[in-house]
Amino acid sequence: MSETASERKTTANGGAEESINSKKEGLREYLRLVRQATNGPLSPDEVASLNTAVVDHGLGGYDILLGTVFTEVGPQCVVAQLTVGETHLQPWGLANGGVYCSLGETVGSVAGYIAAGAKPAVVGVNNNTDFYRSARAGDVIVSTGTPVHLGRSMQVWQIHHVRQSDGKTLARTNLRVAVLSES
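Numbers in my numbering are just positions in the sequence shown, counted from 1, shifted up by 1.
Some clues are possibly wrong.
[What the hints assert, rightly or not] Pairs of lysine to aspartate or glutamate residues, derived as DMTMM-like cross-links and limited to a Cα-Cα distance of at most 20 Å, are as follows:
1) K24 - D57
2) K25 - E73
3) K25 - E87
4) K120 - D57
5) K120 - E183
6) K120 - D140
7) K24 - E47
8) K120 - E26
9) K169 - E183
No lab work stands behind these hints: they were computed from the structure. Nothing here was measured: the structure is a model prediction, and the numbers come from that model.
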């Protein structure tokens with residue numbers, strides 16, 4: 002027995018509605034945890050819940066595509082990591098520089114949002130990344146963001162990207178974010 006066009010539309014709309022509800026649920030959990038991080042570092046279980054909210058509810062977009070995973074989230078420091086895969090590589094077998102830029106943007110933006118009290122939005126306005134060493138497939142990049150300047154309307158974050166296996170610095174990002182007004 003085949004579905005009618007009306008039945009297919011109802012099923013499709015139901016799926017879309019389910020997806021929207023899932024994103025709303027994930028966003029509520031994400032915001033709850035990020036707001037909690039304004040008061041102190043999240044516990045490992047809370048960080049795991051944050052990662053689940055990002056991945057399972059489709060909030061991470063590009064970060065899901067990259068494979069970014071938060072490992073520490075607090076008011077003065079955010080840490081994320083990424084395992085370099087074949088899709089992250091240039092033709093010469095080295096991690097593409099955009100991987101570091103993207104990690105810097107994610108870590109600095111989440112850190113900036115927390116530092117701003119998790120109320121007004123923050124947006125990256127300048128991302129400057131210097132490259133020192135290469136990472137290859139299988140390497141784990143650990144990116145740690147700490148504040149340089151925390152102003153009312155502008156923040157600067159420095160993100161150090163190191164190779165987990167030997168602790169060597171791979172790159173460094175300076176990220177400037179604008180804190181948008183709440184109005």
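We went through each hint and held it up to the structure:
no.: 1; hint: K24 - D57; result: holds (9 Å)
no.: 2; hint: K25 - E73; result: violated (24 Å)
no.: 3; hint: K25 - E87; result: violated (33 Å)
no.: 4; hint: K120 - D57; result: violated (24 Å)
no.: 5; hint: K120 - E183; result: holds (7 Å)
no.: 6; hint: K120 - D140; result: violated (35 Å)
no.: 7; hint: K24 - E47; result: holds (18 Å)
no.: 8; hint: K120 - E26; result: holds (18 Å)
no.: 9; hint: K169 - E183; result: violated (40 Å)
Hint compliance for this structure: hints 2, 3, 4, 6, 9 are not met, and every other hint is.
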